[in-house]
Amino acid sequence: NAGVTQTPKFQVLKTGQSMTLQCAQDMNHEYMSWYRQDPGMGLRLIHYSVGAGITDQGEVPNGYNVSRSTTEDFPLRLLSAAPSQTSVYFCASSRTGTSGPGSSYNEQFFGPGTRLTVL
Amino acid sequence: AQSVAQPEDQVNVAEGNPLTVKCTYSVSGNPYLFWYVQYPNRGLQFLLKYITGDNLVKGSYGFEAEFNKSQTSFHLKKPSALVSDSALYFCAVRNTGFQKLVFGTGTRLLVSP
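In the order they appear, the protein sequences are chains S and X. Here my numbering is used: the first residue of the first sequence is 1, the next is one more, and so on. Here my numbering is used: the first residue of the second sequence is 1, the next is one more, and so on.
Just so you know, the hints here were simulated from the structure itself, not pulled from any lab data. Hints are supplied without guarantee of correctness; some may be wrong.
[Unchecked claim] A few chain X residues facing chain S, derived, Cβ under 8 Å:
#, residue
1, A14
2, F34
3, R42
4, G43
5, L44
6, K49
7, Y61
8, F63
9, F67
10, L101
11, G104
12, T105
13, R108
[Claimed, not checked] Example chain X residues on the side facing chain S (calculated, C-beta under 7 Å, incomplete):
#, residue
14, G29
15, F46
16, F103
[What the hints assert, rightly or not] DSBU-like cross-link-like pairs, simulated, lysine-lysine; straight-line CA separation at most 35 Å:
#, chain 1, residue 1, chain 2, residue 2
17, X, K58, X, K100
18, X, K49, S, K9
19, S, K9, X, K77
20, S, K9, X, K58
21, X, K100, X, K49
22, X, K77, X, K22
23, X, K69, X, K58
24, X, K22, S, K9
25, X, K100, X, K77
26, X, K100, S, K14
27, X, K77, X, K49
28, S, K9, X, K100
All values derive from a computational prediction rather than experimental measurement. Think of the CB as a built atom: it goes at the ideal place given N, C-alpha and C, for glycine as much as any other residue.
Bound conformation, chain S alone (with noise of 0.2 Å):
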């Protein structure tokens, strides 16, 4: 299994471009998930899906979007990119269960990451 895999690694857009960032994992994973990580602020969620057709937004989501059509693909698209969206970019996903605690417990697998800057 290749896991969680990130495209592009690194990326340089100038202010009001868009693109897009890949994430695809083959572990069949039904939850999926981006974080940005930024200095002395640890994670945060930016969106979030738990199968495909079905998406929700984190702790930052403005600025980005995202969209789940299959189970394996979880691309966060950027859609007018400021200097304040450079960061570095993680894409995660994990099992859930039926229901309850189940969907709740599983740890998260972390794809590689993308580093972003925006001049």
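Given chain S, put chain X in place with the hints provided.
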């Protein structure tokens, strides 16, 4: 709302000495607690988790963590540190029924030879 505090930005320890990385949490209901490690230019790797049962949880690479409900803490420990343990460590919490995982700000562990 869930929250996690890692009060130390950095922990320094000599190789061979025991190490502790602190974590306290706030959550309504029963907590599910996790520790992750991040090596330079890498994604996060799962170390261990507490769901229920014994308060002392053992994980990867010789790490363990102690859950203390009265102090709402989940400190990461290792009896004998290695230089290769130097990395960024994150504590995270989730509560029953919710998918959102809330991370602390991270603690950098530096193990000197």
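Hints, one by one, checked against the model:
The interface hint given for A14 (chain X) is broken, as the beta carbon of that residue sits about 26 Å from the closest beta carbon of chain S, more than 8 Å. This hint holds: F34 (chain X) has a C-beta 6 Å from the nearest C-beta of chain S, less than the 8 Å allowed. This hint holds: R42 (chain X) has a C-beta 6 Å from the nearest C-beta of chain S, less than the 8 Å allowed. The interface hint given for G43 (chain X) is met, as the beta carbon of that residue sits about 4 Å from the closest beta carbon of chain S, less than 8 Å.
Hint on L44 (chain X) holds. Least Cβ distance to chain S is approximately 4 Å, under the 8 Å limit. Of the supplied interface hints, the one on K49 (chain X) holds, with its beta-carbon coming within about 6 Å of a beta-carbon of chain S, less than 8 Å. Given hint, Y61 (chain X) at the interface with chain S, is violated; its Cβ is 15 Å from that chain's nearest Cβ, farther than 8 Å. Interface hint status for F63 (chain X): violated, as the beta-carbon distance to the closest one in chain S is roughly 14 Å, over 8 Å.
A cut of 8 Å between beta carbons decides the hint on F67 (chain X): the least distance to chain S is about 13 Å, and the hint is violated. Restraint check, L101 (chain X) versus chain S: the minimum CB separation of about 6 Å is within 8 Å; hint holds. The criterion of a C-beta within 8 Å of any C-beta in chain S is met by G104 (chain X), whose closest approach is roughly 6 Å, and the hint holds. Because the beta carbon of T105 (chain X) sits about 4 Å from the nearest beta carbon in chain S, less than 8 Å, this interface hint is met.
Hint on R108 (chain X) is violated. Least Cβ distance to chain S is approximately 11 Å, over the 8 Å limit. Taken as an interface hint, G29 (chain X) does not check out: its beta carbon lies about 10 Å from the nearest beta carbon of chain S, beyond 7 Å. For the restraint placing F46 (chain X) at the interface with chain S, the shortest Cβ-Cβ distance is roughly 4 Å, inside the 7 Å limit, so the hint holds. Given the 7 Å rule on beta carbons, the hint for F103 (chain X) holds: about 4 Å separates it from the nearest Cβ of chain S.
Straight-line distance between C-alpha atoms of K58 (chain X) and K100 (chain X) comes to about 24 Å, which keeps the hinted pair within the 35 Å bound. Of the supplied pair hints, the one linking K49 (chain X) and K9 (chain S) holds, its CA atoms being roughly 29 Å apart against a limit of 35 Å. Only pairs whose Cα atoms come within 35 Å are accepted, and K9 (chain S) paired with K77 (chain X) is accepted, the gap being roughly 32 Å. With a CA separation close to 33 Å, the supplied pair K9 (chain S) and K58 (chain X) stays within the 35 Å bound.
Using a Cα cut-off of 35 Å, the hinted pair K100 (chain X) and K49 (chain X) holds, with the two alpha carbons roughly 15 Å apart. For the given pair, K77 (chain X) sits about 9 Å from K22 (chain X) by alpha-carbon distance, which is consistent with the 35 Å threshold. Only pairs whose Cα atoms come within 35 Å are accepted, and K69 (chain X) paired with K58 (chain X) is accepted, the gap being roughly 17 Å. At roughly 31 Å between alpha-carbon atoms, K22 (chain X) and K9 (chain S) fall within 35 Å of each other, so this suggested pair holds.
Between K100 (chain X) and K77 (chain X) the alpha-carbon distance is near 25 Å, which keeps this suggested pair within the 35 Å criterion. At roughly 31 Å between alpha-carbon atoms, K100 (chain X) and K14 (chain S) fall within 35 Å of each other, so this suggested pair holds. Restraint check for K77 (chain X) and K49 (chain X): the C-alpha separation of about 13 Å stays at or below 35 Å, so the hint holds. At roughly 25 Å between alpha-carbon atoms, K9 (chain S) and K100 (chain X) fall within 35 Å of each other, so this suggested pair holds.
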